[in-house]
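Student: From first to last, the protein sequence lines are chains A and B.
Using our numbering, you'd call the opening residue of the first sequence number 1 and step up by one each time.
Using our numbering, you'd call the opening residue of the second sequence number 136 and step up by one each time.
Check the hints yourself; a few may be wrong.
[Unchecked claim] Here are a few chain B residues that sit away from chain A, every Cβ distance over 12 Å (derived from the structure): (1) Asp173; (2) Lys183; (3) Glu211; (4) Ser213; (5) Asp322; (6) Gly375; (7) Lys401; (8) Ile433; (9) Ala434.
[Unchecked claim] Under the rule of at most 20 Å between Cα atoms (straight-line distance), these lysine to aspartate or glutamate pairs were calculated in the DMTMM-like manner: (10) B:Lys342 to A:Glu129; (11) B:Lys401 to B:Glu274; (12) B:Lys256 to B:Asp173; (13) B:Lys341 to A:Glu60; (14) B:Lys256 to A:Asp91; (15) B:Lys319 to B:Asp191.
Hints were generated in silico from the structure; no laboratory data involved.
A virtual CB, placed ideally from N, CA and C, is assigned to each residue, including glycine.
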Amino acid sequence: MREDTQKEDGIPTGVLVAILLLVFLLALAVLLLREDSGKAQAQIHQSGELIAEITFPVAEPYSIVLNSQGRINEILVNAEEILMKEANCPDQVCVLQGASNVSPIICLPHQIIISFSTENQWTGLEGGELDGVTG
Amino acid sequence: MKKKKLYTMIVHLLLCSLLLSSCKLYEDEYSGEIFAMDTLISLTVWGKDANQAIIDCERYLYQLEEQFSATRSGSEVSLLNEIAPQWQRLSPEVAEVLCFSLKMYDVTEGAFDATIYPLTKAWGFTLNQQQVPSPETIETILPLVDSSVVEFREETQEARLEEGMELDFGGITKGYAGDMLAEKLRDDGYSSALISLGGNIYALGKKTDGALWNIGIQNPYGGGAIVSVQVEDKAVVTSGGYQRYFTEGEEIYWHILNPDTGYPAKTGLASVTIVSDSAMYGDCLSTALFVMGLDKAIAFWQEHQDFEVVFITEDYEIYVSSGLSYSVATGYEAKVIAP
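The shape of chain B in the complex, shown without the other chains (with noise of 0.2 Å):
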């Protein structure tokens, strides 16, 4: 008797043995780094056989890469840009974006617009060649910048721009390619999958371990991360002046342009990070708020409220919306934006 408890006990240990040693093996995580458009794009998928799924998500980014650059020469955009003001048929992938660029446009009230190229190219952005371009050059500019004029047939699938207008996907593409990634990973039977475009966050379902997802959210003035954020099939965005900028003299001048007036968006606010279910609506967003300002920012916020925000001021201040505020960490103090 005192034998069968050894030996019983000697099985427990060797299967405790055989468990502890194998746990992390059966994980199956896999993850894979890109460069695309224009950044630096991980994926880490938990699965079977999730490798050869991030080999399938880095073939379809570099296909979104090939329809949506502005800059590279043939893309599907830049032909639509080139042959303004003639039509061009589009592809689904492409329609789809311009049609919520410009429902984004219309909701943001102009803040989010994404025939905003021209300015992009003279502040020298897009080819990193960064310059303060001439007030005549803007106003020159400006009227070019408007995407109230953008045409689109649904029928038939064409857009037409009018003469020297020029669209930038640039600030919506990553959250697109987020959404379709984290849609593609789905239907394959993934429910645990972390997919950062350059810095834009989407946390598919939840940990391996059953745990939210917890998102740092960068310190604009640097040493990490000041804020997280738990999150459960949702997109983090953040859009901040600290990501690209250069300085003239004394001056900061930052990639976030208002498409109001031509210039920097200074409104006092150091990052916007979005927290949704889709990322390109958190990519229009994130930016849009930015370009608003932190009052307007909320009044948007408290009329729709089907995203959650968290502001970062210039002065070191955080905002937090009502919904994040269980979800929400900081060592610093977060004031809670009421609906």
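Next comes chain A alone, as it looks inside the complex (with noise of 0.2 Å):
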């Protein structure tokens, strides 16, 4: 009985509430850096391969040129925003489409998808954050 004692004595309170705390706190951080860390992203996919990540937003605007086999695709990276430049498919529905940084540019015929992570949030407007866009 003495001996119990002994051991639980033997750490300082202190010292066992603040490692607690520690390793509560840990938790508290894994699961905070697991969300969404609220800067926009987007991810650009061809034929479901990963091609570029991008994080806004960027400094300065740039361009990627993809060219998977003659079919060629120029995105602009604005600060806040990607559009589709040029591209040689049939349709240009991609180019049409304009800038977005909310839906998804989606050049079909050459399987490409440029998604965003904040495709769900919804900044300037009352309803809060958006599960799904439709149109």
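Fit the two chains together into the complex; they arrive one by one in their own frames, and the hints show the way.
Tutor: Have a look at this one:
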């Protein structure tokens, strides 16, 4: 009985509380890091393969040219949005779509998807975060 | 006693830590994206083994594509088009969609017409070779656009088109697929999923936290969502001229054609969004109401009221049916349509 008490008294209470608080804070940090950090991101995939990942805002606008067996797309990355500047696809739907930072930009003939990880965020209007966008 | 309290606190802290760090893991969220039906299809399903459910859904979508594609040689629909005016036996899926499309032709008084395919081809929208057909070409084709002469024998599940007529279920198949996938997932015990077929959304059940789905409606002039609606177990389907169009000179020509005139439906509407129990119904109606124009479409809603609707006009005016007035959000002024 005396031995048990000795063991309990072995670690000072303050240290024990500090360690446990640390564990608690670490768990909280893990959770928060798993959540969206709030920075908008874009992913460019072609035929299922991740080509580029962009974190907004970008300091200087730049272009990404994809050339897959003659299927050419020029993607312009602006400060907080992306647009398909040029493409030699037959329908030009991706080019006509214009700039976006919400809805995905899709070039179906060239199997390119530019998706936005903050697609579900909707700032400036009421109604909170979006789960999807139709249209 | 003091020690006991301390240990109780420690145990609580540890439990909280464990719960906090693991709660996301137990949501079991799985997503998949595929190109099918000439569009991008995204599926997100919450629940146990949802990854397998997504794979099953993808397989099913490819099967539907095989049956319904009007452009794919050998598909059931292209065969039906090719062998006209002979009879063809249909699979239960194609028969169901054909019957529904014929019903919608009647209900919308021809504003939705699945026999529009010869016109769509003349405008080059099917093969992405857009062009303005001559008035003579349109005049020649218009008599072929008429669902009222499509014949269907229910007892033998056979259908027949008149010679030269062609069906295109492009304006209905994505809706049908949305309904079928939702039913499949529901039967498999999933109560939370988001199915997006080229922007046509089916929101199954509620979110895992019990909240309603918040679905945005794309601003037809770009820049993200302009309106949002909160829904549960509903399809949210939009048709808009901006989705596919081409310009020639100063003129814009879009893919939603008026079956009566043969020309793009320009009625002052920029988009029509239908919120309904069935995605197939929503798919047909979004096209039909776009073709009707605002006044006729409002009268249609007032007469039927088995769906809700959001209109966005070319003048940037937003109209919402009264059933949505409590679940819609927008930074713009929205006019509520009274029943």
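Student: Using Cβ atoms and 12 Å as the threshold, tell me whether Ser213 of chain B really stays out of contact range of chain A.
Tutor: holds (20 Å)
Student: For Lys256 of chain B and Asp173 of chain B, compute the direct alpha-carbon distance and say whether it is at most 20 Å.
Tutor: Holds: Lys256 of chain B and Asp173 of chain B sit about 15 Å apart, inside 20 Å.
Student: Are all C-beta atoms of chain A more than 12 Å from that of Lys401 of chain B?
Tutor: holds (17 Å)
Student: Was Ala434 of chain B rightly flagged as not at the interface, with every chain A Cβ beyond 12 Å?
Tutor: holds (24 Å)
Student: Can we trust that Lys183 of chain B is non-interface, i.e. its beta-carbon lies farther than 12 Å from all of chain A?
Tutor: holds (20 Å)
Student: Under the criterion that the straight-line Cα-Cα distance not exceed 20 Å, is the pair Lys256 of chain B, Asp91 of chain A satisfied?
Tutor: holds (14 Å)
Student: Just checking, Ile433 of chain B versus chain A, shortest CB gap more than 12 Å?
Tutor: holds (20 Å)
Student: For a C-alpha distance cap of 20 Å, please report whether Lys341 of chain B and Glu60 of chain A respect it.
Tutor: Not OK: Lys341 of chain B and Glu60 of chain A at ~41 Å, beyond 20 Å, violated.
Student: Does the no-contact call for Asp173 of chain B survive, Cβ to all of chain A over 12 Å?
Tutor: With a cut-off of 12 Å, Asp173 of chain B comes too close to chain A, as the shortest Cβ separation is near 7 Å.
Student: Should the label of Asp322 of chain B as a non-interface residue stand, given a Cβ cut-off of 12 Å to chain A?
Tutor: holds (22 Å)
Student: Quick one: work out the minimum CB distance from Glu211 of chain B to chain A and report holds if it exceeds 12 Å, violated otherwise.
Tutor: holds (23 Å)
Student: Straight-line Cα separation of Lys319 of chain B and Asp191 of chain B no greater than 20 Å?
Tutor: Given that 20 Å is the threshold and the Cα spacing comes to 9 Å, the pair holds.
Checked against the numbered hints listed earlier, the structure breaks hints 1, 6 and 13; every other hint is satisfied.
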